[in-house]
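**Student:** Spelled out from the first residue to the last, the chains are:
There are 2 protein chains.
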Amino acid sequence: MQLTLDGDVVRAGNRARERFYDSRGYGHARDGDLDLAPVEAAHLCYRGDIDAVDGMGVQELLASGAVSAVDFLVYKDLRDRGFYLTPAREGWVDEPAGVDFVVYPRGKGPWDDAVAHRVRVVGERDDVPASSLGDCVLAVVDEESELTYLDTSRRTVEGTSAADVPAVEGTLLAERVLCWDPPAALYQQAFYGQQLDEDAVQLSLVEAAYLAREGVLSVDGDDAAVVERGRDVEGDRFDRRLAVYAALRDSGVVPKTGFKFGADFRTYADVESVDDLGHSELLVRVLPADHDFEPRDLALDVRLAHGVRKTMVFALVDETVEWVETRRLTP
Amino acid sequence: MQLTLDGDVVRAGNRARERFYDSRGYGHARDGDLDLAPVEAAHLCYRGDIDAVDGMGVQELLASGAVSAVDFLVYKDLRDRGFYLTPAREGWVDEPAGVDFVVYPRGKGPWDDAVAHRVRVVGERDDVPASSLGDCVLAVVDEESELTYLDTSRRTVEGTSAADVPAVEGTLLAERVLCWDPPAALYQQAFYGQQLDEDAVQLSLVEAAYLAREGVLSVDGDDAAVVERGRDVEGDRFDRRLAVYAALRDSGVVPKTGFKFGADFRTYADVESVDDLGHSELLVRVLPADHDFEPRDLALDVRLAHGVRKTMVFALVDETVEWVETRRLTP
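Line order of the protein sequences matches chains V and C.
Note that the first sequence covers residues 82 to 412 in this note's numbering.
Note that the second sequence covers residues 82 to 412 in this note's numbering.
It is possible that some hints are incorrect.
It does not matter which identical chain is meant; a pair holds if it fits inside one copy or across any two.
[Unchecked claim] Below, computed lysine-lysine pairings styled on DSSO-like, alpha-carbon distance capped at 30 Å:
#1 K189 x K391
#2 K391 x K341
#3 K341 x K157
#4 K189 x K157
No wet-lab data here; the hints were simulated from the structure.
Remember, predicted model here, so these are calculated numbers, not experimental data.
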């Protein structure tokens with residue numbers, strides 16, 4: 082079978098519709114006929130189901146640029162995994178914006194209502210705007226053409242940590258605040274800071290700024306002095322981190338430094354006492370809402386979080402904080 | 082006991098020398114007397130061994146800036162771990178440049194010859210020049226005053242992988258080269274590329290550029306066309322990555338993409354056949370020799386590598402390639 086390319090659609094007739102759409106979920110049914118996206122036609126060529134499109138086999142379709150290699154690799158991989166999928170075109174699927182393929186649950190197809198994954202194809206070197214994440218799976222094609230699927234979703238963050246802390250005094254030292262003889266609840270119940278020893282607790286600048294703003298910590302110059310110091314050493318990033326820190330504390334979640342994991346914070350949802358501390362659940366990286374990811378950085382964060390049995394969450398800061406959970410997916 | 086600060090040295094007499102140097106390794110013996118660095122005097126104050134320096138206790142020494150909080154935290158931590166250590170000053174230790182403390186093996190002290198660690202103190206927000214790594218341990222103090230020790234050393238990279246590959250033809254497609262019906266040795270023995278299926282191998286641009294330069298791969302425009310494409314999509318980074326790729330292959334080591342680990346390459350030292358592939362040993366991140374690390378990025382890379390049982394190596398590229406291995410250390 083030979084087909085022809087009409088703009089960005091490969092037109093096929095009734096027989097092709099029966100063979101490829103009705104029984105195997107390729108393309109988009111148009112009246113009695115069939116429209117195929119070039120990537121679908123290339124896959125049918127690759128499988129030997131059709132001979133050529135405008136005289137081109139799969140090698141020529143890829144070489145000519147009529148079909149993108151990364152789209153083809155992802156399409157093929159999902160087909161190899163037993164999925165039917167439809168290119169996300171206006172009129173072909175609901176809400177095509179922001180994704181390349183709509184993937185159906187195994188055993189289902191374009192004639193059903195269910196959707197398993199909304200997939201966006203990304204090359205290893207493509208920038209990924211943080212604002213575009215959520216409700217989509219990134220299919221990242223690396224330089225050696227291996228695929229990594231990253232599932233992204235918007236979420237909230239909530240916990241039950243809520244210890245009261247009596248007033249405490251501190252001294253601002255370079256990049257930390259030292260509290261000598263603080264009330265036990267500061268560290269023991271509320272899990273602020275880190276003990277230098279039994280008689281002294283060190284607070285990070287972000288912890289100190291939050292506690293000073295809440296009226297709990299007295300420090301020379303009040304919260305303004307701590308925030309100023311934070312901005313001196315971190316710039317705008319300090320304000321973003323403080324916004325996320327406050328959002329987490331205000332939601333009953335205890336943020337602690339995520340430094341050892343290369344993140345901004347690790348979080349504990351249900352702290353009653355540091356003597357009975359569970360496993361921290363989330364790793365949080367704070368970013369401006371207009372951040373562009375390099376896929377490699379995403380892969381690094383998600384892989385590390387998985388390895389330490391935590392969930393990676395990106396906190397995107399603008400006027401508000403939006404939370405995007407990202408995890409590796411094996412479709 | 083009250084001591085006085087003379088410039089950046091705390092002067093103490095013969096009795097202090099006996100108590101603090103001879104028996105516990107503090108300070109530097111000067112004739113019959115003792116010189117202490119302020120951080121050592123602060124630690125003696127903290128322990129209650131001396132009362133004050135110029136009327137200042139440990140709180141005042143830290144608050145006045147006479148002693149840096151991060152230096153104090155690292156000094157205290159190493160003492161808590163049972164080490165004797167000496168501030169790295171000219172005349173106090175050999176080769177003081179580039180480090181803050183010279184740490185002796187447990188049970189040894191400044192009167193012995195052995196050195197366990199040469200330690201540089203780094204705050205979480207300090208830049209760390211890549212060129213300054215090697216032969217030192219970074220003691221990174223994070224914002225919550227927790228410590229992470231990272232041991233850095235210069236090394237070489239060597240292996241026994243050395244398969245011959247017959248000539249092969251390929252087509253340059255956007256960011257990859259596709260070889261249809263290549264010789265089996267290309268993938269099977271030499272482990273170049275990734276199989277699309279049994280009849281086709283996809284090469285990354287860096288693999289293709291190397292193979293074209295070696296005269297193995299024929300491609301339209303030769304290696305120049307592949308390198309040009311690489312520079313189009315990655316800029317200078319492509320040249321650095323190609324230099325490292327070539328250095329690894331020329332040393333008998335097979336580099337494959339490290340994308341899933343957020344690195345440039347993972348490496349296999351002894352490949353005979355992909356059917357009998359061992360565990361990859363190294364994760365390699367390619368950087369310009371004048372790169373400045375953020376300690377958090379170092380922590381992320383080293384943590385991830387450890388979690389997947391690989392060794393993190395930074396390849397610093399200038400005229401040559403220098404290799405810096407970095408691993409977490411528990412002193």
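**Student:** Each hint: holds or not?
**Tutor:** Hint check results:
no. : hint        : in the structure
1   : K189 x K391 : neither (32 Å within a copy, 41 Å between copies)
2   : K391 x K341 : both (13 Å within a copy, 17 Å between copies)
3   : K341 x K157 : between (39 Å within a copy, 20 Å between copies)
4   : K189 x K157 : within (17 Å within a copy, 63 Å between copies)
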